[in-house]
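Please arrange chain R on chain Z, whose structure you already have, making use of the hints.
There are 2 protein chains.
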Amino acid sequence: MSAKLSDVAKLAEVSTATVSRVLNKSGYVSKKSREKVMLAVEELEYKPSKVASFLASRKLAFNIGIVAGKRLFRVLSDQSDQFYTIVLKGIEEFFAGNNMRGSLVPSNNFSEDYDGYLLIGGEITEEDIKKAKETKKPVVLIDQYLAGVKVDCVVSDGYDGAIYGMKKLISKGLKKIVNIHGPLSHFGFKDRFDGYISAMEGAGYLPKAYEYDEDNDNMSAIIDLLLSRYGLPDAVFGCNDTAAIRAMEELQARGIKIPEEVSILGFDDIVNSSATTPSLTTFKIFKHEMGVVGSRRLQSLLIGNEPRPTKISLFTEFVQRESTL
Amino acid sequence: MSAKLSDVAKLAEVSTATVSRVLNKSGYVSKKSREKVMLAVEELEYKPSKVASFLASRKLAFNIGIVAGKRLFRVLSDQSDQFYTIVLKGIEEFFAGNNMRGSLVPSNNFSEDYDGYLLIGGEITEEDIKKAKETKKPVVLIDQYLAGVKVDCVVSDGYDGAIYGMKKLISKGLKKIVNIHGPLSHFGFKDRFDGYISAMEGAGYLPKAYEYDEDNDNMSAIIDLLLSRYGLPDAVFGCNDTAAIRAMEELQARGIKIPEEVSILGFDDIVNSSATTPSLTTFKIFKHEMGVVGSRRLQSLLIGNEPRPTKISLFTEFVQRESTL
Chain Z
1 MSAKLSDVAK LAEVSTATVS RVLNKSGYVS KKSREKVMLA VEELEYKPSK VASFLASRKL
61 AFNIGIVAGK RLFRVLSDQS DQFYTIVLKG IEEFFAGNNM RGSLVPSNNF SEDYDGYLLI
121 GGEITEEDIK KAKETKKPVV LIDQYLAGVK VDCVVSDGYD GAIYGMKKLI SKGLKKIVNI
181 HGPLSHFGFK DRFDGYISAM EGAGYLPKAY EYDEDNDNMS AIIDLLLSRY GLPDAVFGCN
241 DTAAIRAMEE LQARGIKIPE EVSILGFDDI VNSSATTPSL TTFKIFKHEM GVVGSRRLQS
301 LLIGNEPRPT KISLFTEFVQ RESTL
Chain R
1 MSAKLSDVAK LAEVSTATVS RVLNKSGYVS KKSREKVMLA VEELEYKPSK VASFLASRKL
61 AFNIGIVAGK RLFRVLSDQS DQFYTIVLKG IEEFFAGNNM RGSLVPSNNF SEDYDGYLLI
121 GGEITEEDIK KAKETKKPVV LIDQYLAGVK VDCVVSDGYD GAIYGMKKLI SKGLKKIVNI
181 HGPLSHFGFK DRFDGYISAM EGAGYLPKAY EYDEDNDNMS AIIDLLLSRY GLPDAVFGCN
241 DTAAIRAMEE LQARGIKIPE EVSILGFDDI VNSSATTPSL TTFKIFKHEM GVVGSRRLQS
301 LLIGNEPRPT KISLFTEFVQ RESTL
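Chains Z and R, in that order, give the protein sequences. Using the numbering used here, count along the first sequence one by one with no gaps and you end on 325. Using the numbering used here, count along the second sequence one by one with no gaps and you end on 325.
Don't read these hints as lab results, they were simulated from the structure. For glycine and all other residues, C-beta sits at the position ideal for the given N, C-alpha and C. Heads up, some of the hints might be wrong.
[Claimed, not checked] Just so you have them, the derived chain R footprint on chain Z, three or more residues with Cβ under 8 Å:
| no. | region |
| --- | --- |
| 1 | 103–110 |
| 2 | 162–171 |
| 3 | 216–229 |
| 4 | 307–317 |
Excised from the complex, chain Z in its bound form:
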């Protein structure tokens, strides 16, 4: 008969909880105990079964640091953010069902006392990731991806959504499709912009893009420039709903009919997007699922399943409303 966890604990002269911690690479174990456990594992040729390790993981109370940048930490604390409050609900639900506990931690006051880390939102920097990685604990980013950094992350797939939306517009005979995006240094905008470019090039149409500055709201100037230099487009694809709605307002203020003359497509499905006239066609992002999927990925890493870092992209859902043909 093959060796059990308790046999390993006996031979190593430690508790079964310590053996679990060593095998699951979670929680503090002294170097000496760790060595005794590994020797016992070797001697007994102990192989943890998948069920046993799954059940063991459920018994372990993992303590997770949920790290957010300064701005996000504030809005998460008072639950005033529509987007991330829902992401956080997904995390809390998964934690509750899986014996994990989470504490909200500001990234500028980083603590090393956790079994693993969820780093949330576009404010997370390479420096934050470096600090988290230095703890040698599992780390998962949610709604952030930094190219070439190779840390586990869960994001929404803006590239795929943009291509899907562009194909829809193109299938209606629309050709002069203009993109209005936020700063391309932000992963989310860049991802959607890349999808727009790829779809236009694939269809043989010339892409045309403008950068919108949300803080200073330069949409009126963008629309003037667009109409005088490029002419009336068939459609405007905004890289987020805020930009799409502002473009729609500025076009309407100049007497242009939506969608008869110009179709408007947004991204994010914010609450306001269904309240505009006409209502905005856009993409739904699965925020709750991002929290759940990120938490499950962190749990997998804590247990030791599939340790190679991956990027998990959740596909978005096209929401047809009235602002597009």
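Only chain R this time, still in chain Z's reference frame:
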């Protein structure tokens, strides 16, 4: 005390296996039995625990169709393909440990008799996916992604790898970096090409790319064109090792020293890449893990966890050898 699976089975007058199948949405159950089970679930307010559904899933012997295109089906059958034979090993290992059985199925002879499908390789078409989706069973693509189709998939992250590699080259002071890629209609080549373009633009350098036709081996002509029109580059980034090795050979045939005059970077880490002189710097793709991760994703879908479709990208690993500075 809360209701058990067996209570549901008793009230619905069906076997516990049938209840499992209904709750896990897997395998065939008659419409009548399904309705009886759902009524009993409602009446008893039955809530399957996560552990119970996990264990139930382990008891269910899922029967999986592993679908491959014509060329791949042939090489998988005789195990002559280095890349996919390893992917398949990952799948087989996961299946063996999780009570799943797989049968290799050619995509042109599609059968509906399976609980779920793994569709493998770049030959898989939208048509193949459509056929698989029509079965209403879970479907996961491995090493293939089709933009805008929104089906679960597991791929290697060429975009991220390319950016990582380009940053490495750029950090050595290399600026004139040329890309040689296969057909951009293939997701893998396009993904790596996009990463190259993004990194060059990010650094403020002009990208320059050539398309290599592997079947007709036009590398000699490409290198002639490159040297006469563009001049000697600082580095060549090949979108796969085959292209990188051919570029290296053609440059060496013209008396150019690698890496002193030109650095060469490949992608894939094929067996030959360590046998060249100088040995090729490249990226390792985690083929075995792709099989495991794809299989686990399919299992999750069979159990009903995280049903929103996702794209899982495994980061690659930079392998520093002698062909780059």
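Count the residues of the region 307–317 of chain Z with a beta-carbon closer than 8 Å to any beta-carbon of chain R: does the count reach three?
As far as the region 307–317 of chain Z goes, the hint holds, because 8 residues have Cβ atoms under 8 Å from chain R.
Are there three or more residues in the region 103–110 of chain Z whose C-beta lies closer than 8 Å to some C-beta of chain R?
violated (count 0)
Per-stretch coverage check for the region 162–171 of chain Z, three Cβ contacts closer than 8 Å to chain R:
holds (count 3)
Count the residues of the region 216–229 of chain Z whose Cβ falls closer than 8 Å to any Cβ of chain R, and tell me whether that reaches three.
violated (count 0)
Consistency note: the structure conflicts with the earlier hints numbered 1 and 3.
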